[in-house]
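Start from the sequences and build out the full structure, keeping to the hints where you can.
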Amino acid sequence: MLKYVTKRVVAAILTVFALVTIVFFLVRLMPGEPFTSAKLTKEVAENMNSYYGFDKPILEQYFTYMGNLLHGNFGYSMKYTNKTVNYIIGQTFPFSADLGIRALCLAVSLGLVLGIIAARNRGKKLDFACVLIAIVGTSIPDFIMGALLQYFFGIKWGLLPVAKYLGIEYTILPACALAFYTLASVSRIMRSSMLEVTSQDYIKTARSKGLSELRITCKHQIRNAIMPVMTVLGPTVASVLTGTFVIEAIFAIPGMGKYYVESVNNNDYAMILGMTVFYGCFLVLCNLIVDILYGVADPRVRIGKR
Amino acid sequence: MAELNKDMFVIKGKNTMKMESISRPSLSFWQDAWRRLRKNRAAFVGLCIIVLYALLAVFAPMFSKYGFSDMDTAAMHAGPSAAHWLGCDATGRDQWVRIWMGARTSLAIGLFSAFINMCVGAVIGGLCGYYGGKLDMIMMRVVDILYGIPSLIITILVMLVLGKGVAPLIIALCVVGWIGTCRFVRGEVYRLKEQDFVMAAKVLGIPDFIIIIRHIIPNILGMLVTNLCMAIPGAIFQEAFLSYIGLGIAPPNCSWGVLAKEGIQYLRIHPHEIIIPAFFICTTMLALNLLGDGMRDAVDPKLRGTE
Amino acid sequence: MAEKENILELKNVVYSFHTYGGEVKAVRDVSFEVRKGEILGIVGESGCGKSVTAQCILRLNPEPPGFFGGGEILFKGRDILKMSNKEIRKVRGGEIGFVFQDPMTSLNPTMRVGAQIEEVFLGRTGVTKKEVKNRALEIMKLVGISDVEKRYRQYPHELSGGMKQRIMIAIALVSRPSLIICDEPTTSLDVTIEAQILDLLLELREKLGTSIIMITHDLGVIARLCDRVIVMYGGKVVERGTADELFYDTAHPYTKGLMNSIAKLDTAKGEKLQPIEGTPPDLFSPPVGCPFAARCDYCMDVCNEMPPEVYQLTDEHATCCWLQHEMAPDNDMKKKPEKKGEVR
Numbered sequence: 001m002l003k004y005v006t007k008r009v010v011a012a013i014l015t016v017f018a019l020v021t022i023v024f025f026l027v028r029l030m031p032g033e034p035f036t037s038a039k040l041t042k043e044v045a046e047n048m049n050s051y052y053g054f055d056k057p058i059l060e061q062y063f064t065y066m067g068n069l070l071h072g073n074f075g076y077s078m079k080y081t082n083k084t085v086n087y088i089i090g091q092t093f094p095f096s097a098d099l100g101i102r103a104l105c106l107a108v109s110l111g112l113v114l115g116i117i118a119a120r121n122r123g124k125k126l127d128f129a130c131v132l133i134a135i136v137g138t139s140i141p142d143f144i145m146g147a148l149l150q151y152f153f154g155i156k157w158g159l160l161p162v163a164k165y166l167g168i169e170y171t172i173l174p175a176c177a178l179a180f181y182t183l184a185s186v187s188r189i190m191r192s193s194m195l196e197v198t199s200q201d202y203i204k205t206a207r208s209k210g211l212s213e214l215r216i217t218c219k220h221q222i223r224n225a226i227m228p229v230m231t232v233l234g235p236t237v238a239s240v241l242t243g244t245f246v247i248e249a250i251f252a253i254p255g256m257g258k259y260y261v262e263s264v265n266n267n268d269y270a271m272i273l274g275m276t277v278f279y280g281c282f283l284v285l286c287n288l289i290v291d292i293l294y295g296v297a298d299p300r301v302r303i304g305k306r
Numbered sequence: 001m002a003e004l005n006k007d008m009f010v011i012k013g014k015n016t017m018k019m020e021s022i023s024r025p026s027l028s029f030w031q032d033a034w035r036r037l038r039k040n041r042a043a044f045v046g047l048c049i050i051v052l053y054a055l056l057a058v059f060a061p062m063f064s065k066y067g068f069s070d071m072d073t074a075a076m077h078a079g080p081s082a083a084h085w086l087g088c089d090a091t092g093r094d095q096w097v098r099i100w101m102g103a104r105t106s107l108a109i110g111l112f113s114a115f116i117n118m119c120v121g122a123v124i125g126g127l128c129g130y131y132g133g134k135l136d137m138i139m140m141r142v143v144d145i146l147y148g149i150p151s152l153i154i155t156i157l158v159m160l161v162l163g164k165g166v167a168p169l170i171i172a173l174c175v176v177g178w179i180g181t182c183r184f185v186r187g188e189v190y191r192l193k194e195q196d197f198v199m200a201a202k203v204l205g206i207p208d209f210i211i212i213i214r215h216i217i218p219n220i221l222g223m224l225v226t227n228l229c230m231a232i233p234g235a236i237f238q239e240a241f242l243s244y245i246g247l248g249i250a251p252p253n254c255s256w257g258v259l260a261k262e263g264i265q266y267l268r269i270h271p272h273e274i275i276i277p278a279f280f281i282c283t284t285m286l287a288l289n290l291l292g293d294g295m296r297d298a299v300d301p302k303l304r305g306t307e
Numbered sequence: 001m002a003e004k005e006n007i008l009e010l011k012n013v014v015y016s017f018h019t020y021g022g023e024v025k026a027v028r029d030v031s032f033e034v035r036k037g038e039i040l041g042i043v044g045e046s047g048c049g050k051s052v053t054a055q056c057i058l059r060l061n062p063e064p065p066g067f068f069g070g071g072e073i074l075f076k077g078r079d080i081l082k083m084s085n086k087e088i089r090k091v092r093g094g095e096i097g098f099v100f101q102d103p104m105t106s107l108n109p110t111m112r113v114g115a116q117i118e119e120v121f122l123g124r125t126g127v128t129k130k131e132v133k134n135r136a137l138e139i140m141k142l143v144g145i146s147d148v149e150k151r152y153r154q155y156p157h158e159l160s161g162g163m164k165q166r167i168m169i170a171i172a173l174v175s176r177p178s179l180i181i182c183d184e185p186t187t188s189l190d191v192t193i194e195a196q197i198l199d200l201l202l203e204l205r206e207k208l209g210t211s212i213i214m215i216t217h218d219l220g221v222i223a224r225l226c227d228r229v230i231v232m233y234g235g236k237v238v239e240r241g242t243a244d245e246l247f248y249d250t251a252h253p254y255t256k257g258l259m260n261s262i263a264k265l266d267t268a269k270g271e272k273l274q275p276i277e278g279t280p281p282d283l284f285s286p287p288v289g290c291p292f293a294a295r296c297d298y299c300m301d302v303c304n305e306m307p308p309e310v311y312q313l314t315d316e317h318a319t320c321c322w323l324q325h326e327m328a329p330d331n332d333m334k335k336k337p338e339k340k341g342e343v344r
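Residue numbers (our numbering), protein chains in the order written: chain F, 1 to 306; chain E, 1 to 307; chain B, 1 to 344.
FYI, nobody ran anything at the bench for these hints, they're computed from the structure. Any given hint could turn out to be false.
Computed footprint of chain E on chain B, listed as stretches where at least three residues anywhere in the stretch have a Cβ under 8 Å from a Cβ of chain E [to be verified]:
| # | region |
| --- | --- |
| 1 | 261 to 267 |
| 2 | 299 to 305 |
| 3 | 317 to 329 |
27 Å max Cα-Cα, derived BS3-like pairs, lysine-lysine [to be verified]:
| # | chain 1 | residue 1 | chain 2 | residue 2 |
| --- | --- | --- | --- | --- |
| 4 | E | Lys134 | E | Lys202 |
| 5 | F | Lys204 | B | Lys82 |
| 6 | F | Lys124 | B | Lys82 |
| 7 | F | Lys219 | B | Lys129 |
| 8 | B | Lys86 | F | Lys204 |
Listed below are several chain B residues computed to face chain F (Cβ distance under 7 Å; list not exhaustive) [to be verified]:
| # | residue |
| --- | --- |
| 9 | Arg59 |
| 10 | Leu60 |
| 11 | Glu87 |
| 12 | Arg92 |
| 13 | Phe98 |
| 14 | Asn108 |
Glycine included, C-beta positions come from ideal geometry on N, C-alpha and C.
What follows is the structure, encoded as structure tokens:
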């Protein structure tokens, strides 16, 4: 187990390192300069350039940035020059995280339940209904889902609020929009995993012991079927959390997405860099946590071969 | 019961003709897969929809009297009518033509990027899996690390560097897309390589590349095609997403993502402008998902007896 | 010889499967009985229907695509085919135990082996929670597992193949059933472990009086273990009798072929083994007459046209073959039946 965790942690660190490097150089390759808007005079622009170190050779910039990163310093935003990137991230990340976590919980719990129901009732109407929901769900991109939910539940039927973030009822539509795709894909994976487990020999053994169907489902089928689902949970978390960008735009939620899109349009290097690195690291961390959870759940990994 | 007589009791011995008869209808792998796919009505419907859309994408703009950037200022925001089958957008451009021009872009992007990813991933994964050794070790470390990086982030950044357009978009989607296929193919080739039939071929002295072509590839082809079917909706989704946040295709060129982006601004007053592109995006993805599911069920040997 | 009571009786059981090409009759009219305290062997090639027959007894075959085509299965007088789900669950594990073929895949990988043994007692009365653990440890000792406290808490992947199979036997036996069915339990184990497991089964029969059905394709196992044997081919029973009768007084050409195809201690040096040429019949369209006709050295016209009758040769020995008919020419297979030409 320890070996497994160490391997994973080392891989995560290397991934973060690769991520930061790639992102850094990609951002530098972007066309356009951050300070070429008409508002700034030439001297001020030069000052800004030298302040941010853009006049230094690129490798030096890289090492300076890495050094700053290790101290947790993302630097100042170039648009909101009086605020650090750290501050902006700190203000906006909680909203994004909140939305993301709600959506994840909804998606995973409902997705598992749907997948189990579908597999237990294979070939019957219930299975068909669940598979239908799953297939439709994976065919509707989350931003379209958001627009649809907004239109029907918010505008046409006036049931739920559509914008901003002023109370818990404001989180329902965005979380649903974000969760739907993931719910569908989790339920599909769970269903096929359950079906695969059902054909395994140990299920026959369990049946030959005279166990009830409920016990066989819970202790034997679900317990083993959930493993493959856990292995894809990492990328699932990633896709839910990246999906927050667009959902925030549609539902006017003050999360990281809004600032990210702005900084992309303004060539705000520091902001793009900072947010991307932060977000990327966060996702790598989530992946790491999921991997470790999997190691704990699967006794073959937890205890190792004899 | 018939009458028994002494003639029937003369010992004749084995019947070498009937000794090894097989009366079950014999099916090759692809025959069986096609049969199972045809039986799956949902997948078949999916296939028909895709073919239909592809044909419309090619032929519909040719037969329409409107060009895709012709603006009819009198018909701005018009709903569907006899003159404009799917209505018009904010500047009076005919939606029917734009949907099918957009279809060309979106479907082409989806198909090309998924196909390129599949080829690159399969080649790299296949070579690593088959030859193993140092190449495999290094490549797999690299791939594992790259796999850990959230791909959407990289895609967005590559788009920022390369600018908008169809070619940059395909490149951006391919930069990270091959990794998934590579890991999967490597795993499968590695597993197949250890199987006895490969060892048997080697013992018979068959050269490596023939083993790869005749033994390994046919065994992974089914799953590769399934992966392809599942990857295309992913690519279409990413294209729609990127265009939606302003990074994908530049106007006046259109793709379904661009149409969705333009339409959503008028959600409250002219809902048809978003609903129509949304409908086509969703049905295409649905059809491809059904087809991909059907293909996966059709080539999976474990599901053979269960129809 | 005192009449021993029958624990299990199969009468004219037919079991089939729906497949893409049509209906496959895997078990075609099989009848046999198991007496108290005896070890019955079922021998035959792969595909002859032995596993399906065994799993039929506890209704373990997946119901679509499988289905019963007729017959009765009587366990201690009650018809298993007519039992409700609740009743059959009581029988499974409680009164009839099952040992599966492949111990590597037959245990739940995410559950400790001790818990898997205790599970048998779920929903059964007469055993308190404390007793359950003791019974589990006791049965583990009985099947020859050392260091039971430690093993009890381990997961299947931490055990060797032989030990896993012992756990499977422990699961089958823990609630002291009157019958256990072993489906090729030693096929995937190596020979030394196999010998230990067979000895264990004999010991358990002595100590607990359990009846055993032993399914195998290995004649050596039959010789070592079984009191009586039935030989299956093409979904039917072609010969039955005590082990001695089958080995030394073979009455069916298929059984004879099986005996000839294994190497024996007195096989002369340089002498070739004689396999039975051909392959088992395709049960898609089963042959009209005797299933073995196409591969039989003694085949006659009547064998192809009509299914043979059953001829009772001694109290236990019966065979299903036209060679026993009075009109058949004299040959080394033909016996002098005690009750001539009597059809069962």
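Violations among the numbered hints:
Of the numbered hints given earlier, those the structure breaks are 1, 9, 11, listed in rising order.
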